[in-house]
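From these two lone chains plus the hints, build me the complex, please.
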Amino acid sequence: MYGNHFYNETTRRYVAVFGTMFNDIEISRKTGSATTQRMKVPINYAPMQKILARIDQNLQNNAPAITLPRMSFEMTGMTYNPDRKLTSVTKMVRSSAADGTMTTMFSPAPYDLEFQLNIMTKYNEDGTKIVEQILPFFKPDCTVSVKLIDELNTYFDIPIVLNSVSQEDTYEGDFESRRALIWTLNFTMKGYFFGPVSTKKQITFVDADIYPTTEVQSGDSRAQGGSQITVAPAIPTAVTTVSINPAVAFLLTPGTKYRIYDIGGGDFTSGVSAGDMQTAWNKYLTNDDSTGNVYKVGDIFTAPDIVAEANANPTVWSGSKVAANSQRLSTAKVTPIVTGNIANDSERAAFTQTIGIDDDWKAMVVINDGDGDGATTSGVADEHE
Amino acid sequence: MATNSYFNNYGSVDRVHGEQDLIEDLVIESIKMFGLDCFYIPRNPASRDNIFQEDDLAQYLSAYPVEMYIKNVEGFEGEGDFLSKFGLEVRDSITFTVAQKRYRNAVSNFIDTADSDGDGTNDDVDRGTSGVTATERRPLEGDLLYFPLNKKIFEITFVEHEAVFYQMGSLQTFDLKCELFEYSQERFTIPAVADVLTADQASAITAVFANHKTVQADGTPVVDATFDANTDSQNTAFEDFIDKNNDIAADNIIDFSQGNPFGDDIF
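Chains as they are written, first to last, in the numbering used here: chain A, 1 to 385; chain B, 386 to 652.
Here chain B stands alone, though its shape is the one from the complex (with noise of 0.2 Å):
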């Protein structure tokens, strides 16, 4: 039940291999036409929680400029935007097309490379990818896109190697399903590098999320927090109870003085 010698797509002789890298480099090419330079930002790794099973103190310490190509031509897709319990949600997705050998030669070298957290270790051991092979890397759920069209950041949820399917027997590309980021006070402390990133590129990634911040930015704690000021007078409106009728400034209306059994003495 051999297939047919001469019809052959899918094997390893040197020409199919020629074809193969022709087709690869038309992908490239067509993506650098039609695509879009997008910024790779690789999550690196902080504290992962072995009971929880989940890293709330992830880092954002590098980016690398990529083009990729915009899957969805027509707009974004997910739910859109809507107002549920917790104020105003963006639930924009998207899907960017990357050349795997781009995605190789423009990020995944320089995180194998790099020590971005500057702990004596590359990022891609810190990443836990050490040892994989050059063609095996791909890019990593949890890593982020800036895309600048919009300033916003997008984070990977999944990546789908297989969308062309074995064009020629092998995979030219990578679908990068991403959703807008949910910031929980994410830390970015992205810095310029020569030959990749200008400073005015590694700035304008930092400062999307500088007024959602709870904490400063570099990252000590802070008592009174200093984030957004719609937030904080609205966590501030409670307890000044203003009294709207008679346009005053009322008292505070719960008792937390000493003589109250009942008041704030007793937490």
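Bound-form chain A, shown alone (with noise of 0.2 Å):
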């Protein structure tokens, strides 16, 4: 319908969980407290091909009239509900880290299914212990919860109501009539249907052209000003790790920016104070424990080459000293910040980076110089960043 194909399966779900839940019932024959017989009740969704049926259970033609108990069941119909009805422009959304998508559905159209499940037994008591094994879980409703659209992988809670129990038995009349024991319990599955599925990529990457000024001045044709902002996905990376090798410890590239997303520490009760890791940020960044610059987040930072340092004064950087700052650091995020021009897509997939479901990302912010003017890494970049 208006040219989208879509098939979400859903009705042959209902189907599937409905017997589902009536799949695995046994009764038992007892003689005194011994039970003699114990056996399963096949069931079966009622309407299927006649071929099939006469192949399944009467291929050697010696079949006996039927075997019972057994069970059926069949979808008799459903009408749309209105009472459960949501608004209709809500849409459910799942992205998905392994492929960076975002799969989007509008809300669904509330149906009732209506069910009857038919129970036929040989002797009355069979029926009694089939039944009595379902009526204890519907007051008057049983829910379950069901996969509808894989896309979303989300359960839904689906009531299934008991509204009616009856039973025929056809014991009068002459000898020859057969006697049929009957059971029929009528059902309504609160259930939903869905549109199709809209699969789209994650927005991983914004341009946006802004000119503060749109005047032009003589000579140039370009809008004045005109700094090219790119947002970029950015999942913080920590700054160390636990090591006293500094080649090893300190994880950020050299003479890179960062911007500082998490100050580390924790809520300092592993010992560590926030004096500490102001200690530990000055050590890094200054090369000086003593110096006394206070960082907090949202700073930014050119990344030391500390292995360089390292080497320049070996006994600065080694043993503890690096073990004692890496160790405090290592609790600290940092996000990259990158200027310059971006002059083709590989160089924007450089360093755009996917986001898992779970991730705790900030946006990156690229200043270009779109008017031309080399101004970037000027005063215009600092300030946007």
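Just so you know, these hints were derived from the structure itself, not from any lab.
Simulated DEER-style distance windows between Cβ atoms:
(1) B:F543 x A:Y7: 51 to 61 Å
(2) B:N457 x A:R179: 14 to 24 Å
(3) A:V161 x B:T621: 23 to 33 Å
(4) A:Q167 x B:S515: 33 to 43 Å
(5) A:Q133 x B:T520: 48 to 58 Å
(6) A:T184 x B:N457: 28 to 38 Å
(7) A:R12 x B:V510: 51 to 61 Å
(8) A:N81 x B:F437: 36 to 46 Å
(9) A:I244 x B:T621: 53 to 63 Å
(10) A:T184 x B:F437: 13 to 23 Å
(11) A:R12 x B:K417: 55 to 65 Å
(12) A:P47 x B:G465: 19 to 29 Å
(13) B:T621 x A:T237: 41 to 51 Å
Glycine included, C-beta positions come from ideal geometry on N, C-alpha and C.
The structure is reproduced here in structure tokens:
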């Protein structure tokens, strides 16, 4: 409809769910207190292809009249239920970390599906043994969680209401008529029907051309002050790993700009105080733990080359001194800052990261020189960072 | 208003008895000529329920060959084969005619003296027919007949003893109204008996429902059903939901995990 082809197998799932609720019923027959027989009650979806019924149940031509007890069920109809209607524009959303996509679907249409369960037995008490295993669970509904749309991977709670129970027993009549003992249970399954699933790629990149002024200076056809601002997701990374080796401990790329996302130390419950963290940051960024700078979330810094510093002055960056700093800063997180011109898609992809469902992330802002005046690394960039 | 004594065919004088015996012998002979060797399988009650008035643990422990005439010569009667809510149903019915004298000699006498279920009492006591005089013995509704032509078992639903209405003042036959047996895990344990039932005949009878059992042959309870493969796969199909469109086995679509408050755990 409307040019969309889709099939969510929803009705098929409802039938499977209903069948699953009753497909493991067993009954037993007893002599005194000893269980003499215990049997599983077959169940099948009643409407079936006639040729298959014939082949399945009477292949050798020597079948009995019927094997009892047995159950069957069928869906007898469905009705729109306006009481459960949700706003039409509400969307269900699911993002995928694996392929960086986002799946959406408009709210479903609520429908009541009518099911009829039939139980046929040869003996009266076989019927009561089956029915009594069903009735206690419906008060008057029994709710199951069902995964209705694979793409959303979401379980919906579907109440199944037992509306009525009736018994038919044709025990009267002449002796040549068969006696049929049939229980009929009518259910309403409060289900939904879903429209097409829309899968879109995750927005990982936004280009926005912002011009502080549209005035054009003489001799230049472009607007002045134009900077291209690129927003890309940035996943915070740890500053260090715990190690006494500077070449291993410090993880950031020397000379690259980063923004402090988490100052580190957590709740300072592991014996590391806020002052200790400031000392570690000062030692890391100024090579002097007594500088007294106060670093905070959002500050931008250029990662120093600790390995080079260690080579120049091994006594300052060695052994336990590295271990203490790397241990503290391993709890700190930073996001990268990229400045410069993005010339093509591959350069753009180089700093575009895929965000997982559980990732904590912030936007990474890149300022490009939109007007070609070479001002992206000047005050303009700093202003926007 | 006495009947004419010269034409009295229904009295008890020896002259009439002789003619009645002659007719009975002719009936038996004609059934032997045009009939079929069937097997009479008496029902052995195991546990009658006096609340619901039924016996759901009936046993069939013996079989006796006896010749019978098939009355509906043009085929089975009844509603035939049809598809119902519960799958294929076969409602064939058939009427057998057995000579009363042959029934008593070939079947009833054996039931009187057999203890098929080994409970210390003969089968006629178990069946509630002890003390019934020889001339009153008759087939019972609920007993079965094995029909060797199509290897099916029929249940006697009604015994008509007056189908041929007092020919020469006596009854020579029983008409057995039968329907194809509705199987509900009844137990068939029929051994061969010397001079009565051969091993091949016994195994042929017990094999009829072998593929339809949901309990083991010896009647012991089983948890995992071993009944016929089609039914079992049908039951399993619902919970092993198959994503048919993608030709892969999808995860079970019902959430029975412990974290689900609506899941299986609350049951």
